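Residues in the sequence shown are numbered consecutively from 0, following numbering that gives the first Met the number 0.
Worth flagging that the hints you see were computed from the coordinates, not collected in a lab.
Please read all numbers here as calculations on a predicted model, not as lab measurements.
One or more of the hints may lead you astray.
Subject to a maximum C-alpha distance of 27 Å in a straight line, what follows is the list of computed DSS-like cross-link-like pairs (lysine-lysine) [to be verified]:
1. Lys92 <-> Lys183
2. Lys33 <-> Lys88
3. Lys196 <-> Lys92
4. Lys183 <-> Lys196
Listed next, with one range per pair, are the computed distances between beta-carbon atoms [said to hold, decoys possible]:
5. Asn101 <-> Asn205: 29 to 39 Å
6. Gly283 <-> Ala145: 36 to 46 Å
7. Leu103 <-> Glu247: 52 to 62 Å
8. Lys88 <-> Ala181: 22 to 32 Å
9. Gly283 <-> Asp26: 48 to 58 Å
10. Gly93 <-> Arg208: 45 to 55 Å
11. Asp258 <-> Asp95: 40 to 50 Å
12. Asp30 <-> Ile97: 14 to 24 Å
13. Asp203 <-> Asp80: 33 to 43 Å
14. Gln32 <-> Ser185: 40 to 50 Å
15. Asp231 <-> Ser185: 15 to 25 Å
16. Gln39 <-> Ser237: 37 to 47 Å
17. Glu65 <-> Ser294: 36 to 46 Å
18. Glu65 <-> Pro229: 36 to 46 Å
Note that CB positions come from ideal geometry on N, CA and C, so glycine has one too.
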Amino acid sequence: MPRRSIVIVIFLITQLLLVETSVYSKDYTFDYQKIIELDQRVNLNLTVPRGNITITGSEDDRLIIEAVKRIRAGSTDEAQDVADHIEIKVRHKGQDVIIETNYLRFHGRERKFWQKLLGAGSDTYGAVDYTIAVPISVNIAINGVATNVNLSSIEGEIEIDNQEGTITGEFLFGPVTVRQPAGKISLQWIEGDIRVKTATGRIDINQVRGALDVTSLTGDVYIRTELDSPRDYFVHSSSGNIRFSIPEMSSGQLHIESDAGDIQTDVPISIESVSNYKVVGEFGRGGPSINISSSTGDVYVALY
């Protein structure tokens with residue numbers, strides 16, 4: 000048989016196996032719950048390679064963990080087997096609560112062909128969704144790979160390291176740090192310093208109080224801030240557009256640069272220097288320094 004024909008046959012067999020798997024596979028869920036009584040402020044460290052995380056602050060002194068293992072498998076026994084190899088490990092030691100999601104290897108037997116196809120040869124099967132209620136003062140550190148994160152009503156420090164996903168936060172009253180190469184980031188009604196570093200994905204920020212340091216490669220950046228901080232503001236996007244909105248009755252020093260994009264400002268500034276690529280000026284009296292730059296994107300400073 001010619002080589003081209005062999006390749007076509009292998010491709011058709013693979014597609015048929017995938018179709019058969021999708022037809023006969025079902026979604027299964029396995030619940031987990033743990034309640035931890037707390038007598039002091041704690042640091043929550045959460046590791047979730049794949050899944051969704053929802054964390055909400057409350058007036059309760061307990062940390063309530065509810066998790067759901069989501070498995071796609073061909074039978075109940077197969078799903079149970081996979082779920083048994085996804086370990087949710089919770090440790091409470093002093094001021095630290097550590098939650099780990101571990102994907103254990105299948106020892107002593109071969110994987111099925113459809114597992115190799117759908118799992119791309121990895122040891123990861125299924126995902127885990129967490130819904131966690133925490134005291135509002137908790138500090139949170141999250142490590143993910145393909146994880147969606149939703150946070151609300153938290154006063155402690157927040158730090159997120161994730162490879163890909165959607166990050167959403169609202170009514171956060173402490174410093175927020177997000178490092179995520181790909182995915183949308185939305186932070187609303189934040190009363191704390193914000194640091195965001197991403198490669199691609201839209202950034203939306205509504206900040207009530209605090210300084211700002213945002214870096215993006217290709218995503219558009221939309222920021223609304225009260226400029227309520229003695230520290231400076233930094234926003235950079237290599238090829239994305241930047242819209243930076245500030246109150247009408249505010250003060251500061253404005254530094255805008257764009258190598259190839261347009262620069263527009265509604266702020267009445269006393270211009271210190273201006274060129275095709277750079278605008279430097281002052282508005283009001285005093286205030287923080289605002290540094291906005293984009294290599295090829297447009298920059299617009301608006302009033303509200």
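Going down the list of hints, with the structure as the test:
1. Lys92 <-> Lys183: Roughly 34 Å between the alpha carbons, so the hint for lysine 92 and lysine 183 is violated.
2. Lys33 <-> Lys88: holds (11 Å)
3. Lys196 <-> Lys92: Violated: lysine 196 and lysine 92 sit about 31 Å apart, past 27 Å.
4. Lys183 <-> Lys196: Roughly 12 Å separates the two Cα atoms, so the pair holds.
5. Asn101 <-> Asn205: 29 to 39 Å: holds (36 Å)
6. Gly283 <-> Ala145: 36 to 46 Å: holds (44 Å)
7. Leu103 <-> Glu247: 52 to 62 Å: holds (58 Å)
8. Lys88 <-> Ala181: 22 to 32 Å: holds (27 Å)
9. Gly283 <-> Asp26: 48 to 58 Å: Taking Cβ atoms as reference, glycine 283 and aspartate 26 lie about 57 Å apart, which means the hint holds.
10. Gly93 <-> Arg208: 45 to 55 Å: violated (31 Å)
11. Asp258 <-> Asp95: 40 to 50 Å: holds (46 Å)
12. Asp30 <-> Ile97: 14 to 24 Å: The hinted range 14 to 24 Å holds for aspartate 30 and isoleucine 97, with Cβ atoms some 21 Å apart.
13. Asp203 <-> Asp80: 33 to 43 Å: holds (42 Å)
14. Gln32 <-> Ser185: 40 to 50 Å: violated (29 Å)
15. Asp231 <-> Ser185: 15 to 25 Å: Roughly 23 Å apart at Cβ, these two residues keep to the hinted range, so it holds.
16. Gln39 <-> Ser237: 37 to 47 Å: holds (44 Å)
17. Glu65 <-> Ser294: 36 to 46 Å: holds (45 Å)
18. Glu65 <-> Pro229: 36 to 46 Å: holds (41 Å)
In the structure shown, a violation is registered for the earlier hints numbered 1, 3, 10, 14, in ascending order.
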